[in-house]
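Enquirer: Chain by chain, the residues:
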Amino acid sequence: MTDQLRRLFHRVRSLFRRAEQDRDLDVEMSAHLELAVEENLRRGLSRAEARRQALLRFGGWQQAKENHREVRGLPLLETLLQDLRFALRMLRRSPAFSLLAIFCLTLGIGANAAVFSWMEGLLFRPYPLVAHQERLVALTGTARGESGHTGLSWPDFLELQRNCKLFDTFFVSKITGTTLSIGDRAQVVTGSIVSANYFEVLGVHPILGRAFEPSEDVGRSAHPVTVISYQLWKERFQGDPQIIGKTQRMDGVIHTIIGVAPEGFYGTFVGWATKFWVPASMEDTFEAGGYKLEDRGERWIEAYGGSSPGSPSSKRNRKSLRWRSVWKTTIPQPTAAAASSCGPCGKRLSTMRELCSPPSEPCSWSWFLCF
Amino acid sequence: MPASKLDLLQGTLDLMVLQTLAAMGRLHGYGIARRIEQVSGDAVLLNQGTIYASLVRLQQRGWISAEWGTSTNNRKAKFYSITKRGRKQLSEDAAYWQRLSDVMGRVLALSEGSDTK
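Here the protein sequences come in this chain order: B and Y. Anchor point for the first sequence: position 304 equals 304 in my numbering, and the numbering is continuous, going up by one each time. Anchor point for the second sequence: position 39 equals 39 in my numbering, and the numbering is continuous, going up by one each time.
Bear in mind the hints are in silico, worked out from the structure with no lab data behind them. Among the hints, erroneous ones may be present.
Stated by the list, open to error - So, partial list: chain Y residues that the calculated Cβ filter (under 7 angstroms) puts toward chain B:
1) GLY29
2) TYR30
3) ASN47
4) GLN48
5) GLY49
6) TYR52
7) ALA53
8) VAL56
9) ARG57
10) GLN60
11) SER65
12) ARG75
13) ALA77
14) LYS78
15) ARG85
As the list claims (entries may be wrong) - Below, in silico cross-link-like pairs of lysine to aspartate or glutamate (EDC-like), each with a Cα-Cα straight-line distance of 20 angstroms or less:
16) Y:LYS78 x B:ASP22
17) Y:LYS78 x B:GLU39
18) Y:LYS84 x B:ASP3
19) Y:LYS78 x B:GLU66
20) Y:LYS88 x B:ASP3
21) Y:LYS76 x B:ASP3
22) Y:LYS76 x B:ASP26
23) Y:LYS78 x B:ASP3
24) Y:LYS76 x B:ASP24
25) Y:LYS78 x B:GLU38
26) Y:LYS78 x B:GLU20
27) Y:LYS78 x B:ASP24
To be verified - Non-contacting residues of chain B with respect to chain Y, defined by C-beta distances greater than 12 angstroms in every case (computed):
28) THR2
29) ALA19
30) ALA54
31) THR169
32) ILE175
33) GLY209
34) THR285
35) ALA288
Glycine is no exception: its CB is placed at the ideal position from the N, C-alpha and C atoms.
Please work from the sequences and hints to get the whole structure.
Expert: See the structure below:
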């Protein structure tokens with residue numbers, strides 16, 4: 001062990017004493033040759049022949065030097081250093097080209113890094129703060145005789161909640177938005193219309209105030225209440241600790257702020273940071289097209305199913321083959337205009353991370369950039 | 001000169017150098033090379049230049065030491081001598097080679113002679 005350390009020490013040291021050691025070796029080898037020539041002369045050879053013989057016996061002159069260097073130094077490292085020096089020389093020789101090349105590489109690497117961190121955020125990173133998201137699946141409707149997916153209607157959702165044993169819980173959400181005028185500044189923010197059990201099912205608990213109550217799903221525009229995001233609370237309401245009970249006008253309706261979501265919870269729309277949530281009963285306020293909560297034909301919401309760990313349904317919901325039959329028996333015959341069967345998106349139930357709802361624009365853009 | 005010379009086995013040159021220095025005392029590279037050639041009766045194929053790689057290897061291990069001196073023809077030359085550690089190593093290596101060559105001798109004798117037993 002010490003033997004190897006000693007050798008390593010010598011080898012490393014020789015990296016810095018290359019010239020000196022080469023010179024020493026030259027002197028040594030020249031002396032060697034001289035001695036050999038002299039001996040040959042003493043044996044009666046001519047000077048030329050003496051020298052020829054001496055060189056012959058010595059073997060390859062350069063080879064001896066190379067062997068010496070190899071043994072005494074770190075040949076790999078030395079070659080690497082040589083290559084580096086060479087590369088730097090070449091770069092310096094044509095600075096314009098070098099700069100261009102470096103610029104291109106920088107741009108390429110930067111863009112790739114940006115895209116991949118973006119992709120990670122959009123597609124692969126779990127929803128922050130959502131509990132057991134691997135047990136959540138996205139549900140979509142399909143229209144008979146048509147390709148593609150549709151949303152669900154509110155009556156569909158109620159039906160599922162009541163009768164479908166495939167999952168323990170169902171919840172729905174719909175992305176929306178509004179213009180917030182707070183102080184002298186107006187800002188368009190993303191929001192979400194959700195079923196009242198939304199926060200409960202996701203395991204997200206407001207840090208101030210409360211989440212929605214089941215009764216707040218019921219009654220047309222009867223519950224103008226909202227839970228706001230931590231970010232919105234901090235940025236637009238200056239983190240006001242007395243925020244609960246205050247009001248905010250949204251889409252012309254005065255809403256009472258009943259809760260503040262915890263920091264880092266951005267809702268469940270990939271690529272969007274939801275700033276406020278309102279119960280489904282307020283759908284009429286934020287959605288065009290009138291009150292849809294009583295219309296089975298209006299398939300306007302995205303639905304999710306969730307099962308609690310260890311429950312029988314968590315095993316069952318993996319068996320996508322049984323899905324359709326269960327679904328069909330669950331959902332009564334729909335109105336004529338609407339589709340008749342629903343199924344899991346894709347060929348199997350997908351977890352929320354493999355969300356079947358179409359990827360938002362940035363996604364396809366990022367794929368484009370990747371290739 | 002013999003028709004074909006012996007190729008040196010890996011590691012044998014180092015041992016020869018050590019032994020030469022142990023027997024002859026202080027020597028320069030040429031002296032060592034010549035000595036080995038003479039002792040082997042010119043039976044060994046030795047490119048004298050290869051001795052320098054061997055010398056630097058032995059030096060790194062601390063088995064020999066080197067110092068500059070003046071040769072018989074009044075030229076600056078590097079002289080090598082074996083160290084205490086080198087002598088210890090030499091006795092170990094020599095014993096190893098002795099055993100190995102004994103075994104080889106016995107094995108080769110066996111293949112020539114009777115195949116019983």
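Enquirer: Among all the numbered hints in the text so far, which are the ones the structure does not match?
Expert: 11, 15, 21, 23, 28 and 30
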